[in-house]
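Engineer: Note that the protein sequences, when read in sequence, are chains A and B. Position one of the first sequence corresponds to residue 1 (the working numbering), numbered consecutively onward. Position one of the second sequence corresponds to residue 1 (the working numbering), numbered consecutively onward.
One thing to keep in mind: the hints can contain errors.
Only some residues are given here: those of chain B computed to face chain A with a beta carbon under 8 angstroms [unchecked claim]:
#1 Phe-34
#2 Pro-44
#3 Arg-91
Here are the simulated DSS-like cross-link-like pairs (lysine-lysine), alpha carbons at most 30 angstroms apart as the crow flies [what the hints assert, rightly or not]:
#4 Lys-79(B) x Lys-42(B)
#5 Lys-98(B) x Lys-57(B)
#6 Lys-80(A) x Lys-103(B)
#7 Lys-79(B) x Lys-80(A)
Simulated from the structure, these hints should not be mistaken for lab results. Note that CB positions come from ideal geometry on N, CA and C, so glycine has one too.
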Amino acid sequence: SQTIHQWPATLVQPVGSPLSLECTVEGTSNPNLYWYRQAAGRGLQLLFYSVGIGQISSEVPQNLSASRPQDRQFILSSKKLLLSDSGFYLCAWSVGQSTGELFFGEGSRLTVL
Amino acid sequence: EDQVTQSPEALRLQEGESSSLNCSYTVSGLRGLFWYRQDPGKGPEFLFTLYSAGEEKEKERLKATLTKKESFLHITAPKPEDSATYLCAVRSGGSNYKLTFGKGTLLTVNP
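Chain A with its partners taken away, still in its complex shape (with noise of 0.2 angstroms):
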């Protein structure tokens, strides 16, 4: 069975400290990839996506990067932290295009002060 694992679960840091979340998959090949926000008051706001290794597109202009280094690996990134980039981290996958069937991960809850 196919299987997703997102960490740290839990962190906080710095304004302008840098950022790395790590994301993978199992039991499943070639999947879409997804990193969400989900802040307190507003909903789920897709990042990036990434249909392939070394594809990414963005979503949403911001001080965020992703990478996917390997099929199943998706990585959010920062180089300095805003106080706005506290929030609820998600990454989700699915299989084929065009689908709005996501399994999504555990998430990783970020708070910079």
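Starting from the structure of chain A, add chain B where the hints point.
Structural biologist: Then chain B, alone, in the frame of chain A:
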């Protein structure tokens, strides 16, 4: 721009008290409406996909329906374990990958 509005923001029910959650949407060419369940501190879990007006899907005590402007998630005789935030999302013809989510309805079922 696609928009999704869910109501109410929060709903408190007694066990066995049936009710409905609403999801109204504005999209250019609906390519699917999706319901998810999210437990506190967890990632959302997929429930249903609806594609066209008049379509219905059921799963245990949940039934999702779709019209041209809104979707309802009907909860029949809920149990405390149905307590969660229910999210609605749409995909439009303008994007193959992007889902636009509502803010969700926090459902609490008291025993």
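Engineer: It remains to establish, for every hint, whether it holds in the given structure.
Structural biologist: For each hint, the structure was consulted:
1. Phe-34: Holds, about 4 angstroms.
2. Pro-44: holds (5 angstroms)
3. Arg-91: Holds, because the Cβ-Cβ distance from Arg-91(B) to chain A comes to roughly 5 angstroms (cut-off 8 angstroms).
4. Lys-79(B) x Lys-42(B): With a Cα-Cα distance of about 20 angstroms, the restraint between Lys-79(B) and Lys-42(B) holds, given a limit of 30 angstroms.
5. Lys-98(B) x Lys-57(B): Measuring from Cα to Cα gives roughly 23 angstroms; hence the hint holds.
6. Lys-80(A) x Lys-103(B): Judged against 30 angstroms, a Cα distance of about 28 angstroms means the pair holds.
7. Lys-79(B) x Lys-80(A): Violated, at about 45 angstroms.
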